[in-house]
Every structure is written in structure tokens, then in C-alpha cells.
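Work out the full structure: start from the sequences and follow the hints.
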Amino acid sequence: MASDESEKYDETCIFCLIAKNQDKETEVIKQNEELVCFRDICPAAPHHYLVIPREHIHSCRSLSREHIHLVERMTSMGTAVLKEQGITNMEEVRLGFHQPPFISVGHLHLHVLAPVRKISTCFEYKFTPETDSFVTVESLRKKLLKTAPPAGIRCNFGKCFGLS
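The sequence shown begins at 1 in full-length UniProt numbering and counts up one residue at a time.
Simulated from the structure, these hints should not be mistaken for laboratory data.
There could be a bad hint or two in this list.
[Said to hold, decoys possible] Straight-line C-alpha distance at most 25 angstroms; calculated PhoX-like pairs for lysine-lysine:
1) K83 / K30
2) K126 / K83
3) K126 / K143
4) K118 / K143
5) K20 / K30
[Stated by the list, open to error] Taking CB as the label site, the calculated pair distances span:
6) E33 / K83: 34 to 44 angstroms
7) L145 / K24: 31 to 41 angstroms
8) K24 / P129: 30 to 40 angstroms
9) K126 / K30: 16 to 26 angstroms
10) E72 / E130: 18 to 28 angstroms
11) P46 / A148: 32 to 42 angstroms
12) E66 / T121: 36 to 46 angstroms
13) K146 / E27: 35 to 45 angstroms
14) N32 / D10: 28 to 38 angstroms
15) E124 / P101: 12 to 22 angstroms
Bear in mind that the values here come from a model prediction, so they are computed numbers and not experimental data.
Glycine is no exception: its CB is placed at the ideal position from the N, C-alpha and C atoms.
Here is the structure:
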């Protein structure tokens, strides 16, 4: 395996194995060349899916501004799966990421839950938006927009940080 490929894949990570179709127990619901969607093994709601990138990225805290489109594509796949399952009321959907140290698997994964009113009471604390443990897609997007531009992009320090 080439060194750049090995940085994108962790052979000890269960989600990397799922992304490479090497886990026989996980039924993939939807996939493309970049993303994979499957049911959570411990569902907190009647519809509880995970969307993961095939590339090994540790968590939402590993993301930067350049990953905003990845998060948007993950969101699109998650909502598409819900619609395919008959969920049409997006007001009853919760999309978000757990933040370290509250992650169970160290591989970026979007939780897609519906309907919100049927999230199990014993799991509500894990999926409460804007807590230390769970951040919504929109909050993550706003946070990523505030991160520094990718390397190589020059800017006037004062303008970039609102000082001029």
C-alpha cells in the first residue's frame, strides 16, 4: 500500500473496514466513491444511520474550512437515505457529530436520526444539540468557516481577523 493511501486508511478501524466492504456483518444502505451509509448498531431512534467518509479522518475536530463540502455531501447522503426510507419531514430530523472525547469510534461519522421525538430517552443526552458532546451540522459548518484559510492563501492579518 502506498504511503499516501495508508494515511487515509486504518486497518484497525472498524469504520475503515466497513468503508472497504471488509466487514461482512454491516449492511451498507448507500455508498459512492467517497461516502458510505449504514445503520447504527445501537440505534437511538427508529431511523439511525451513520454516514462516513471512506478516507480515515479521526473526528469533526480534525476538520478545517476545506472540509465544509465534505460535511455537506455527508449531510446530503444522510437526508437522501431518510427520504428513501419515507422520512419527509426534515423538522423531525437531527444531524450531527459527536466530539472527542465523546466518540465511540475514532473515524468521522455523521449521525442521522429520525424522528427526533422518538429518540430513546436513555440516549437523549448523547444527541442533545450544541452540547460538549454533540454538534449539529450547521454549528460545525459555522465553526469551520471561522477556521484559518488553507495553507498557501495569504491574507492581511488585520482583515482576516476583523482588526482593520
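Violations among the numbered hints:
Numbers 4, 6, 14, in rising order.
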